[in-house]
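J.: Residue strings, one per chain:
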Amino acid sequence: MTTSNVTASDRKLLDLLADDAKLTAAQLAAMLNTTEEAVAARIAEFEADGIIRGYQAIVDWERVDANKSMALIQLQVVPEPEQGFDKLAHRIMQLDQVEGVYLMSGGYDLTVVVQGESMRDIALFVARRLSTLDGVRATMTHFILSRYKDRNVIYHDEAVRETRSYVFDD
Amino acid sequence: MINYSDFLNKEVAAIKPSGIRRFFDIASEMDDVISLSIGEPDFSTPYHIREAGIDALEQGKTWYSPNRGFMELRNEISHWFSRKYQVDYDPSTEVLVSVGGSEAIDLCLRTLVNPGDEVLIVVPSFVCYIPMTELAMGIPVPVQTTAEDNFRLTAENLRRHITPKSKVLVFPFPNNPTGAVMRREHLEEIAAVVKEHNLMVLSDELYSELTYGDEPHTTIASLPGMKERTIVINGFSKAYAMTGWRLGFAVGPEPIITHMTKVHQYAIMSAPTMAQYAAVEALRNGDKDIVYMRDQYDLRRRLLVDTLNQLGLTCFEPEGAFYVFPDIRSTGLTSEEFCEKLLYSQHVAVIPGNAFGDCGEGFVRIAYANSLENVKEALRRIKVFLDTLEK
Chain R
1 MTTSNVTASD
11 RKLLDLLADD
21 AKLTAAQLAA
31 MLNTTEEAVA
41 ARIAEFEADG
51 IIRGYQAIVD
61 WERVDANKSM
71 ALIQLQVVPE
81 PEQGFDKLAH
91 RIMQLDQVEG
101 VYLMSGGYDL
111 TVVVQGESMR
121 DIALFVARRL
131 STLDGVRATM
141 THFILSRYKD
151 RNVIYHDEAV
161 RETRSYVFDD
Chain G
1 MINYSDFLNK
11 EVAAIKPSGI
21 RRFFDIASEM
31 DDVISLSIGE
41 PDFSTPYHIR
51 EAGIDALEQG
61 KTWYSPNRGF
71 MELRNEISHW
81 FSRKYQVDYD
91 PSTEVLVSVG
101 GSEAIDLCLR
111 TLVNPGDEVL
121 IVVPSFVCYI
131 PMTELAMGIP
141 VPVQTTAEDN
151 FRLTAENLRR
161 HITPKSKVLV
171 FPFPNNPTGA
181 VMRREHLEEI
191 AAVVKEHNLM
201 VLSDELYSEL
211 TYGDEPHTTI
221 ASLPGMKERT
231 IVINGFSKAY
241 AMTGWRLGFA
251 VGPEPIITHM
261 TKVHQYAIMS
271 APTMAQYAAV
281 EALRNGDKDI
291 VYMRDQYDLR
301 RRLLVDTLNQ
311 LGLTCFEPEG
321 AFYVFPDIRS
331 TGLTSEEFCE
341 KLLYSQHVAV
351 IPGNAFGDCG
361 EGFVRIAYAN
371 SLENVKEALR
381 RIKVFLDTLE
391 K
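Those protein sequence lines, which keep their order, are chains R and G.
The letter at position 86 of the first sequence is residue 86 when you use full-length UniProt numbering, and the numbering goes up by one with no holes.
The letter at position 64 of the second sequence is residue 64 when you use full-length UniProt numbering, and the numbering goes up by one with no holes.
Check the hints yourself; a few may be wrong.
With a straight-line Cα cutoff of 27 Å, these simulated DSS-like cross-link-like pairs (lysine-lysine) come out [unchecked claim]:
| id | chain 1 | residue 1 | chain 2 | residue 2 |
| --- | --- | --- | --- | --- |
| 1 | G | K227 | G | K262 |
| 2 | R | K149 | G | K227 |
| 3 | R | K12 | G | K288 |
| 4 | G | K376 | R | K149 |
| 5 | G | K383 | G | K288 |
| 6 | R | K22 | G | K167 |
| 7 | G | K84 | G | K227 |
| 8 | G | K288 | G | K165 |
| 9 | R | K12 | R | K22 |
| 10 | R | K22 | G | K383 |
| 11 | G | K341 | G | K288 |
| 12 | G | K61 | G | K16 |
| 13 | G | K288 | G | K167 |
| 14 | G | K376 | R | K12 |
Pairwise CB distance ranges, derived in the manner of DEER restraints [as the list claims (entries may be wrong)]:
| id | chain 1 | residue 1 | chain 2 | residue 2 | range |
| --- | --- | --- | --- | --- | --- |
| 15 | R | V64 | G | Y47 | 44 to 54 Å |
| 16 | G | V291 | R | M104 | 31 to 41 Å |
| 17 | R | V64 | G | V291 | 31 to 41 Å |
| 18 | G | D55 | R | L133 | 47 to 57 Å |
| 19 | R | V153 | G | L311 | 23 to 33 Å |
| 20 | G | E58 | R | G107 | 27 to 37 Å |
| 21 | G | E215 | R | K12 | 16 to 26 Å |
Simulated from the structure, these hints should not be mistaken for lab results.
The beta carbon of each residue, even a glycine, is placed where N, CA and C say it ideally should be.
So here's chain R without its partners, still in its complex pose (with noise of 0.2 Å):
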């Protein structure tokens, strides 16, 4: 499936299954104005092309554990002949603390996620595995401190919960 066959509709399920991926097929069809079967059809040609790539929970790890750390890691790399950035790119990938690889545009090539036990446990990741690859010239290691919002879901909103009074009627 190229992007082309994606349509308008397709588009809203989508949307739809990318804020919500426990919604059903049911409450799906019922949104869209389609049948349940359309809708369970479409969302396993999605799977099956890979335009659907997963589904994942959204954890609050601060919460599970306090010293869980999250960084961005930009790093500069001297690119191959011929392969260009996509050899190291592969390489990092396999690790399993990290849960992100990006090319970047601007002053550094790469940008790594990861996450770590600890701010330590990523310095040290950091030290031994990234810095120490071949092509590596330099990282700059940026520790997540606070999340606000995060995959468009608002964290620590404890204080902005509903304010909205009861008003009668209007």
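Since the structure of chain R is already known, use the hints to place chain G on it.
T.: Using the frame of chain R, we list chain G on its own:
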């Protein structure tokens, strides 16, 4: 001891306080209530509109505005009507900016009604029309719409309520609480009766922008010969999620707007200045916000209607506003019993239909101005509630 009742105005003293308050009192004691009771968008005002308000404050624009509202805003309101509905209003004489649509409704009734005049009021509808008519010493004449007519007003129904004393028709579509809309073909027959009986129409179109389906809202003022017999009331609260800014407006024939302006001038002076600057931005650059919010409401609307019908709470498809009005008579409960039990047992707040007129008995109003997540969860709880009722 002062006997205060000797001092009270009889009309004011006679107004019934809302019987729904107690539901809110109960609901406010619970911390996991899903409230589908509030007639207020769950969206915050779009940021570029808030920014225009912030800029106005930052630049010290904190003075009164002209009584009728800033010319800049009245111009935009006039453009908006020409652009959306092909009806032209002169911004200098036919537009009045008010403190919410509510104030404009009050101004309009006070300006038109003499003691003893009959005011035809479509019900079920927003709760303010009857008390405001009574305060103006008019006689409210409820015109009941029914589920069989999809809660639309028909010419025949209207005719049955007209007497020589009939003067004003309060015409609230898209309707709160039913979600009913009047399409052009339905408006035409009403317009004919209005002209035949020389009535003036107060058309409350606060929910105009929340009309679903391919065909947009049609204002009754756009029908031939109706502009001169219609005062259209609209506002920013519902369309642009601006409830707290308190800004609405009325457009209509110059002589009526001029007299409404006098009442407004003495009671209110002028609408909030910074809100008016924000509203200019809304009218100029807010069309895409309306589309976005309407699309979101539409998804929830479809989910609610589909699920409620499956659960046996039949509801006709509401084509406007953000309410569904399911029939709950199959449960054997009254509207109030249904709402009370649902609130106590499942912590979901909805409003009994009879709050909007006696003919709303047997129905409840569910507002879907709430997140999809909450709508989903509320539906799950309503299902549990209905299952336990059956046992």
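J.: Against each hint, give a clear statement of whether it holds in the structure.
T.: Cross-check of the supplied hints:
1. G:K227 <-> G:K262: holds (22 Å)
2. R:K149 <-> G:K227: violated (49 Å)
3. R:K12 <-> G:K288: Roughly 17 Å between the alpha carbons, so the hint for K12 (chain R) and K288 (chain G) holds.
4. G:K376 <-> R:K149: holds (23 Å)
5. G:K383 <-> G:K288: violated (35 Å)
6. R:K22 <-> G:K167: Outside the cut-off at roughly 54 Å; violated.
7. G:K84 <-> G:K227: holds (15 Å)
8. G:K288 <-> G:K165: violated (45 Å)
9. R:K12 <-> R:K22: Holds: K12 (chain R) and K22 (chain R) sit about 15 Å apart, inside 27 Å.
10. R:K22 <-> G:K383: holds (18 Å)
11. G:K341 <-> G:K288: violated (40 Å)
12. G:K61 <-> G:K16: violated (40 Å)
13. G:K288 <-> G:K167: violated (39 Å)
14. G:K376 <-> R:K12: Distance of about 18 Å is within 27 Å: holds.
15. R:V64 <-> G:Y47: 44 to 54 Å: Since the Cβ atoms of V64 (chain R) and Y47 (chain G) sit about 33 Å apart, the hinted range of 44 to 54 Å is violated.
16. G:V291 <-> R:M104: 31 to 41 Å: Since the Cβ atoms of V291 (chain G) and M104 (chain R) sit about 34 Å apart, the hinted range of 31 to 41 Å holds.
17. R:V64 <-> G:V291: 31 to 41 Å: holds (40 Å)
18. G:D55 <-> R:L133: 47 to 57 Å: holds (50 Å)
19. R:V153 <-> G:L311: 23 to 33 Å: holds (30 Å)
20. G:E58 <-> R:G107: 27 to 37 Å: holds (35 Å)
21. G:E215 <-> R:K12: 16 to 26 Å: holds (20 Å)
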